[in-house]
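A.B. asks: What follows is the residue order along each chain.
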Amino acid sequence: MREADRPFRPVYEDMHFQEISWTLQRTGWVAAALIVLFALTGVFAHGVASKAVARQDGFPLTVSYERFQRMTALYRFDISMPRGADDEIRLVFNKTFWGLYEIDSIQPQPVRSSASEGGFVLTFDAGDRGLDAVIWARPRSFGYAPLEIGTPRGALTLPVLVYP
Amino acid sequence: MDSVIQAAIVYLLLWIVIRLTGRRALGQLSTFEFVLFLIIGGTVQRALLGQDYSLTNAVIVIATLVGLDVLVSLIERRSELFSKIVRGVPTILVENGRPLESRLARARLSEADVMAAARLRHGIDRIEDIKFAILEANGQISVIPRERTQQPMRAARPFASG
Numbered sequence: 003m004r005e006a007d008r009p010f011r012p013v014y015e016d017m018h019f020q021e022i023s024w025t026l027q028r029t030g031w032v033a034a035a036l037i038v039l040f041a042l043t044g045v046f047a048h049g050v051a052s053k054a055v056a057r058q059d060g061f062p063l064t065v066s067y068e069r070f071q072r073m074t075a076l077y078r079f080d081i082s083m084p085r086g087a088d089d090e091i092r093l094v095f096n097k098t099f100w101g102l103y104e105i106d107s108i109q110p111q112p113v114r115s116s117a118s119e120g121g122f123v124l125t126f127d128a129g130d131r132g133l134d135a136v137i138w139a140r141p142r143s144f145g146y147a148p149l150e151i152g153t154p155r156g157a158l159t160l161p162v163l164v165y166p
Numbered sequence: 821m822d823s824v825i826q827a828a829i830v831y832l833l834l835w836i837v838i839r840l841t842g843r844r845a846l847g848q849l850s851t852f853e854f855v856l857f858l859i860i861g862g863t864v865q866r867a868l869l870g871q872d873y874s875l876t877n878a879v880i881v882i883a884t885l886v887g888l889d890v891l892v893s894l895i896e897r898r899s900e901l902f903s904k905i906v907r908g909v910p911t912i913l914v915e916n917g918r919p920l921e922s923r924l925a926r927a928r929l930s931e932a933d934v935m936a937a938a939r940l941r942h943g944i945d946r947i948e949d950i951k952f953a954i955l956e957a958n959g960q961i962s963v964i965p966r967e968r969t970q971q972p973m974r975a976a977r978p979f980a981s982g
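From first to last, the protein sequence lines stand for chains U and W.
Okay, so the first sequence: first residue is 3 according to this note's numbering, each after it adds one.
Okay, so the second sequence: first residue is 821 according to this note's numbering, each after it adds one.
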């Protein structure tokens with residue numbers, strides 16, 4: 003076709019690029035819908051998929067927590083342990099835990115806190131029925147973190163993924 | 821360093837969001853969509869600043885965003901492909917009074933949107949009177965009336981003397 007025979011166009015159109023652009027746009031919509039869907043399930047924290055309980059057969063400690071967390075958001079750790087022979091319960095948190103979190107509050111308040119080789123030790127009054135403690139904490143950085151909460155006799159591993 | 825990286829990620833994220841919503845969102849914002857974009861801005865603001873509301877952080881974030889925008893505009897001038905990716909390309913929606921339905925559908929626009937632009941800018945009330953309606957890269961719909969392209973431009977008449 004000669005230049006003179008071409009129909010007049012007021013703009014330079016690139017329909018091939020535009021078609022690709024529209025296709026990518028629709029792919030993006032699907033991706034956005036998937037993000038919303040995953041968010042509803044709790045994959046990005048605060049949902050069913052995020053709730054986790056760490057326990058071991060024959061080990062008295064139980065920790066409920068969220069396996070998916072977001073940086074700087076507030077998260078709750080529920081720690082339960084029945085009363086043993088001692089009047090005190092000592093919980094050992096590994097260095098990853100203390101390195102990752104900014105502690106907002108601990109209820110009930112520990113009687114003592116001390117540093118040990120394995121991390122940080124909080125000592126609680128065992129009370130009549132044992133310990134039901136709640137720790138509120140905010141992750142300060144993102145990435146995968148193998149947290150450990152335990153007693154001097156052993157520890158539970160709490161794998162946590164923190165989103166930026 | 822965190823602030824610079826966060827600002828860069830947010831810049832990219834916002835660009836993706838705006839490109840995903842399509843040009844319809846840019847040029848034809850309804851009041852509700854305008855409020856929606858304000859909410860998006862507020863949400864992003866927290867992600868940008870985190871818990872650091874210091875003046876230094878604000879200066880770093882602003883400098884990063886402005887710097888990136890200048891950089892993108894400079895690359896756009898050098899690369900046509902990059903410019904197309906960043907800005908998009910214009911698309912003809914109506915040609916010689918005939919709406920191009922498939923294009924309107926893919927751009928999530930209707931004949932009514934085109935007619936609204938034609939009425940607003942040229943007082944045109946019939947689609948047959950539109951020579952071209954173009955969805956510009958900035959999301960606006962520009963309209964060229966039929967008369968303008970069919971009739972040659974007349975030279976301005978000099979004022980009558982005496």
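Honestly, the hints are just simulated from the structure, not real lab data.
Please note: incorrect hints may appear among the correct ones.
What the hints assert, rightly or not - Label pairs and their calculated CB-CB ranges:
no., chain 1, residue 1, chain 2, residue 2, range
1, U, F40, W, R928, 20 to 28 Å
2, W, L940, U, L42, 24 to 32 Å
3, W, R928, U, G44, 47 to 55 Å
4, W, V892, U, P154, 56 to 64 Å
5, W, I859, U, R142, 42 to 50 Å
6, W, A936, U, S66, 52 to 60 Å
Since we're looking at a predicted model, the values are computed, not measured.
Each residue gets a CB set at the ideal place from its N, CA and C atoms; glycine is no exception.
A.B. asks: Would you mind marking each hint as holding or not holding in the structure?
C.D. replies: Hint-by-hint comparison with the structure:
Evaluation of the 20 to 28 Å hint for F40(U) and R928(W) yields a pass: the beta carbon distance comes to about 25 Å. Our hint of 24 to 32 Å for L940(W) and L42(U) is violated, since their Cβ atoms are close to 41 Å apart. Taking 47 to 55 Å as the suggested C-beta distance range, the pair R928(W) and G44(U) does not conform, at roughly 32 Å. Checked against the hint of 56 to 64 Å, the pair V892(W) and P154(U) passes, with Cβ atoms roughly 57 Å apart.
The supplied range of 42 to 50 Å is broken by I859(W) and R142(U), whose beta-carbon atoms lie about 27 Å from each other. Checked against the hint of 52 to 60 Å, the C-beta distance between A936(W) and S66(U) comes to roughly 56 Å, which is consistent with it.
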